[in-house]
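Q: Letter by letter, the chains look like this.
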Amino acid sequence: MSRYSAMFDRLHGDGAFGAFLMLGDPDLETSARLLDDLVAGGADMVEVGIPFSDPVADGPVIQAAAKRAFKAGVRVGDCLDLIARFRSRHPDVPVGILTYANIVMARAGFVRDAAEAGADSLLIADVPSLEAEPFVREMDQAGIESVLIAAANTPDAALQRIAKFSSAYTYCVSRAGITGTHAGGEFDSGLVNRLKAASAPPPIFGFGISRPEHVRAALAAGARGVICGSAIVECAARGGDVAALVNSLKASTRNESSTQ
Amino acid sequence: MRLSGRFGRFGGCYVPEILVPALEQLEAAFLDAQEDPAFTSELNGLLANYAGRPTPLTRCRNLPGNIYLKREDLLHGGAHKTNQVLGQGLLARRMGKTRLIAETGAGQHGVATAIVGALLGFETVIYMGAEDVERQKLNVFRMELMGARVIPVESGGRTLKDAINEALRDWSASFEGTHYLLGTAAGPHPFPTMVREFQRIIGREARAQMIEQLGRLPDAVVACVGGGSNAIGLFADFMDDDVRLIGVEAAGKGLNGVEHGATLLRGTAGVLHGAETYVLQDSDGQIADTWSVSAGLDYPAVGPEHAHLKDSGRAEYVGCTDAEALSAFKALATNEGILCAFESAHALAHALKLASQEPDSAILVGLSGRGDKDVSQAQALLA
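In the order they appear, the protein sequences are chains W and F.
Residue 197 in this note's numbering is what sits at position 197 of the first sequence, and the numbering runs on without skipping anything.
Residue 253 in this note's numbering is what sits at position 253 of the second sequence, and the numbering runs on without skipping anything.
Just so you know, not all the hints are guaranteed correct.
Quick list of in silico lysine to aspartate or glutamate cross-link-like pairs, DMTMM-like style, CA-CA up to 25 Å [to be verified]:
(1) W:Lys71 <-> F:Asp282
(2) W:Lys71 <-> F:Asp289
(3) W:Lys67 <-> F:Glu154
(4) W:Lys71 <-> F:Glu154
(5) W:Lys71 <-> F:Glu131
(6) W:Lys67 <-> F:Glu24
(7) W:Lys67 <-> F:Asp284
(8) W:Lys67 <-> F:Glu259
(9) W:Lys67 <-> F:Glu131
(10) W:Lys196 <-> F:Asp282
(11) W:Lys67 <-> F:Glu316
(12) W:Lys164 <-> F:Glu316
(13) W:Lys67 <-> F:Glu134
(14) W:Lys71 <-> F:Asp284
(15) F:Lys330 <-> F:Asp282
(16) W:Lys71 <-> F:Glu259
(17) F:Lys137 <-> F:Glu154
Don't read these hints as lab results, they were simulated from the structure.
All chains should be built: construct the whole structure from the sequences, respecting the hints.
A: Structure below.
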């Protein structure tokens, strides 16, 4: 069973809390420690960015994180090492990579290397379902799960492709924009229902999740979990208590009806 | 999508899923408009009576060899850019958009977009690297005079590629009411195909003018390549002819160093700004910094159709250094009384090389823009 499936089983109906950090931000050692803080704070799954020089899907917070990693001289190989070390410390926590097509294509065997490092999934921000097939074929061979993005404006034909080509979960975007876009606490249950009808993998909402009420609203809309990125990266950048932030957000994922 | 958007292995539509519906809408509007006589007639009317088409074909009287210049420098706006902003502007109106966004390097495409924004009544926002805003104050003022708002981009290297990144980010949130008026034949499908079709007029006119003036086709067609829109527009109607097609990239301070913009000559396959194409990058896939004396050629990717034309062998690609381009710029001014853009000077520099080897060959050069924007830089460099 994949680490994602095992995680959903363990949660018994609670929402999954995914926490994102940019690998190598602000340097390799701090980055390794921050990843541990995510788990200590109660993150169910960890999402990691591999920095790219031209991140068109990212807002200012994630852009700045990539810039700090570059300043520290972080290379793609270093990021894969960070994942491998995390994997040896945390054998059960699912790890997903978020990066861009050029990073995946430039390094021969990137997908295989990512799988061997212990990553469970790969989301390529600038590969929509239209272009996903060759990437997914490679991921299938390497034993790493594919994650695609679905948005409120994604037509049903594309949702069918997303259902076909993704396996770990479906990364749902509640509102048009880039990472860090404020979702205003509104999450689209229509999208969740359309994904369900298409038999897509479990919907998890990202983009603009920064407060406990966002987490509750996303789960109320039918999401199986949430991913919080910019708020955690920002907290780490100002030297805040990342574990405490994760803990407070994770607390809102508990399904009160099932724990009574 | 109705078309594949591929040129051999290159091209495609590498954008976040959220932008795909906007590109599908654009493709549909473009294809429908191509079949609509009212659209064609309005565009042709604007090209003739607003922009000044057809542009002349000028045979050089005093430069050596047998060189013909396709005079896009005489187009309204001062460069070939106007051809395709009129096309995209009309498409944006057809789609019911009320706002245009665009990226610009030195400011030529920003000015062209500001022109169409003023003409057709769009709110217009231009993203421009903060570094370029500093260097090109006059073009910033031109855009503002025509009612556009210029937003300096502080991210990354603060130049053209960062301006494109920022425009794509804006569009990811604004596509419902906003058209992204991309400035060249690069980017995700349908831009490379659509921009080629709107620029095809350059080669169509030039081909007929060559036959009219010389009685035959040229032996070689030469154009500079940054993103590649003027080159693809000039090449398109010669594709099936027995004519050499030569694209000239910016060799900057030399192809053996790293300070150049020679994507096809020194790059490797990758994905940038929505298309699979040649890219200047390091072994990790991080995009490299580029250099050229001409801002319009200072770009680390290239239109995907050029990547295919290179690999298929239908077109040849060469480089010209800053110094060679400057020398051609000066030669054209001194001998023919024409100030061309630094970009176009790259094409001319290669044509002059070719002419010295084959004095009898008829060489058609795309003179893509006028040199007014480069005069103060030329003054500093040639002093």
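Q: Does each hint fit the structure? Answer for all of them.
A: Tested hints:
1. W:Lys71 <-> F:Asp282: Cα-Cα ~16 Å, so holds.
2. W:Lys71 <-> F:Asp289: holds, 15 Å
3. W:Lys67 <-> F:Glu154: holds, 13 Å
4. W:Lys71 <-> F:Glu154: Measuring from Cα to Cα gives roughly 17 Å; hence the hint holds.
5. W:Lys71 <-> F:Glu131: holds, 20 Å
6. W:Lys67 <-> F:Glu24: violated, 33 Å
7. W:Lys67 <-> F:Asp284: holds, 15 Å
8. W:Lys67 <-> F:Glu259: Holds, at roughly 22 Å.
9. W:Lys67 <-> F:Glu131: Between Lys67 (chain W) and Glu131 (chain F) the Cα gap is close to 18 Å, so the pair holds against 25 Å.
10. W:Lys196 <-> F:Asp282: Given pair Lys196 (chain W), Asp282 (chain F) is violated - Cα atoms ~41 Å apart, limit 25 Å.
11. W:Lys67 <-> F:Glu316: violated, 37 Å
12. W:Lys164 <-> F:Glu316: violated, 41 Å
13. W:Lys67 <-> F:Glu134: Distance of about 23 Å is within 25 Å: holds.
14. W:Lys71 <-> F:Asp284: holds, 15 Å
15. F:Lys330 <-> F:Asp282: violated, 35 Å
16. W:Lys71 <-> F:Glu259: Judged against 25 Å, a Cα distance of about 21 Å means the pair holds.
17. F:Lys137 <-> F:Glu154: holds, 16 Å
The structure is inconsistent with the numbered hints 6, 10, 11, 12 and 15, although it conforms to all the rest.
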